[in-house]
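Residue numbers (the working numbering), protein chains in the order written: chain A, 66 to 317; chain B, 1032 to 1121.
Calculated directly from the structure, the hints in this document are not laboratory data.
Think of the CB as a built atom: it goes at the ideal place given N, C-alpha and C, for glycine as much as any other residue.
Treat the hints with care, since some could be wrong.
Within a straight-line C-alpha distance of at most 25 angstroms, the following computed DSS-like cross-link-like pairs (lysine-lysine) qualify [unchecked claim]:
#1 B:K1040 - A:K295
#2 A:K159 - A:K148
#3 A:K268 - A:K86
#4 B:K1069 - A:K297
#5 A:K297 - B:K1083
#6 B:K1069 - A:K295
#7 A:K94 - B:K1083
#8 A:K298 - B:K1075
#9 A:K292 - B:K1080
#10 A:K295 - A:K203
#11 A:K292 - A:K311
#12 B:K1107 - A:K295
#13 B:K1040 - A:K247
#14 A:K203 - A:K310
#15 B:K1107 - A:K247
#16 B:K1107 - A:K292
A partial selection of chain A residues facing chain B, derived with a Cβ cut-off under 8 angstroms [to be verified]:
#17 L105
#18 N194
#19 R236
#20 I273
#21 L287
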Amino acid sequence: MFTKGELKRYDRQIMIPGLGKKGQEKLKKAQVFICGAGGLGSPIAIYLAAAGIGSIKIADHDRVELSNLNRQILHWEEDIGRKKIDSARDKLNKLNTSIKLEIIHETIDEENVLQMLDGVDAIADAMDNFQTRYILNKAAIEKNIPFFHGAVNGFEGRVMDIIPGKTACLRCMYHGPIPSEKFPVIGVTPAIIGSIQAMEIIKYIVGIGELLVDRLLVFDGLYMEFKEFKVKKNPECEHCGKMMKKNDNSGS
Amino acid sequence: MSVQINLHKTHRRYTNGQETINVEGETVGQCLEDLVVKYPPLRKEVFVKAGKLNPLMEIYLNGESAYPNELAREVKEGDRINLIYMLAGG
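I would like the entire structure built from these sequences, with the hints used as guidance.
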């Protein structure tokens, strides 16, 4: 059930064929975990909060720095030195007071990740390194929670949705460890990629449209090109291979 | 076999800005070897050592991931190889 205020707030999206009040109800009941409150996490969180996702959980271990402000639009000059999750909570609360926010000031690791995923319907990848992405990818598969991957560098970005047991995962194309390093980026790149991730999460929760599964969308802002590549499930994948075999054997 | 390689834009500084390079080979590996012979500075971008791809590099053959065993994949006349980079930032 919606309040009068909610019906007014979400009027323009309830009007969308295939979304409607039923879809809005699904959004209201959903819990999304956003891993990172930085460049990608900012647009993801803002658009999911604006769309009326009922419960948003955000984890980030960092504090706001001046050098974040070219892209991390949840954080402003007055927030420098604050925990990113506190800054994020304040902005999102001001945007939509009717949603539930849970903030976690921790580094996501193998020890705490499964607990963080309790009750979560979808995971948004807003990390800045592959090590943590692989931890999330593995945990998402173990908990059978869809994982919405996004990554950026400079004017380039990429997006792919992972539905555990059904589609290729992030580890299906693993070539070996990738070092973490400071990466260049213009703010509009994570704005575009994070917005696509938010859209995919909304589509998944509502159950409309075609998801970006087994397809890698690659964006190059300098040439203003979107390219799409097919990605295959790897039966020998160390994260999802066993699950694939189990599903194949059960005929699902 | 003549095969077209579409380079990532960071590689084009080694090819005078050319995006697509025609190479010869029977496998993806042979095509990439032909590429780096034509443009030697590309070798360190594509391979970490002989026969071992840079882990950041992804190869798509006719729009589909060539993983795993990319280098051994056979190619046909007119095939298209895309070299793209994994991205880690967020």
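Hint-by-hint comparison with the structure:
1. Taking the CA atoms of K1040 of chain B and K295 of chain A, the gap is about 20 angstroms. The hint holds against a cut of 25 angstroms.
2. Note on K159 of chain A and K148 of chain A: the hinted pairing holds, with a Cα-Cα distance of about 17 angstroms set against a maximum of 25 angstroms.
3. About 14 angstroms separates the Cα atoms of K268 of chain A and K86 of chain A, which keeps this hinted pair within 25 angstroms; it holds.
4. Restraint check for K1069 of chain B and K297 of chain A: the C-alpha separation of about 31 angstroms exceeds 25 angstroms, so the hint is violated.
5. Pair hint K297 of chain A plus K1083 of chain B holds up; C-alpha atoms about 21 angstroms apart against a cutoff of 25 angstroms.
6. For the proposed pair K1069 of chain B and K295 of chain A, the alpha carbon gap of about 29 angstroms is over 25 angstroms, so the pair is violated.
7. Taking the CA atoms of K94 of chain A and K1083 of chain B, the gap is about 48 angstroms. The hint is violated against a cut of 25 angstroms.
8. Restraint check for K298 of chain A and K1075 of chain B: the C-alpha separation of about 29 angstroms exceeds 25 angstroms, so the hint is violated.
9. As the CA atoms of K292 of chain A and K1080 of chain B are separated by approximately 29 angstroms, the hinted pair breaks the 25 angstroms bound.
10. With a C-alpha separation of about 21 angstroms, the suggested pairing of K295 of chain A with K203 of chain A holds against the 25 angstroms cut-off.
11. A distance of roughly 33 angstroms separates the Cα atoms of K292 of chain A and K311 of chain A; the hinted pair therefore is violated under the 25 angstroms criterion.
12. Straight-line distance between C-alpha atoms of K1107 of chain B and K295 of chain A comes to about 19 angstroms, which keeps the hinted pair within the 25 angstroms bound.
13. Between K1040 of chain B and K247 of chain A the CA atoms are separated by roughly 20 angstroms; this keeps the pair inside 25 angstroms, and the hint holds.
14. Proposed proximity of K203 of chain A and K310 of chain A is supported: the alpha carbons are some 16 angstroms apart, at most 25 angstroms.
15. About 40 angstroms separates the Cα atoms of K1107 of chain B and K247 of chain A, which puts this hinted pair outside 25 angstroms; it is violated.
16. About 22 angstroms separates the Cα atoms of K1107 of chain B and K292 of chain A, which keeps this hinted pair within 25 angstroms; it holds.
17. With its C-beta approaching chain B no nearer than about 4 angstroms, L105 of chain A sits inside the 8 angstroms limit, and its interface hint holds.
18. Taking 8 angstroms as the C-beta contact cut-off toward chain B, the hint placing N194 of chain A at the interface holds, the least distance being around 6 angstroms.
19. The interface hint given for R236 of chain A is violated, since its Cβ lies 11 angstroms from the closest Cβ of chain B, which is over the 8 angstroms cut-off.
20. Violation of the interface hint for I273 of chain A is found here, the shortest Cβ-Cβ separation to chain B being roughly 26 angstroms, above the 8 angstroms cut-off.
21. The criterion of a C-beta within 8 angstroms of any C-beta in chain B is met by L287 of chain A, whose closest approach is roughly 7 angstroms, and the hint holds.
Hints 4, 6, 7, 8, 9, 11, 15, 19 and 20 from the list above are not met by this structure, while the remaining hints are.
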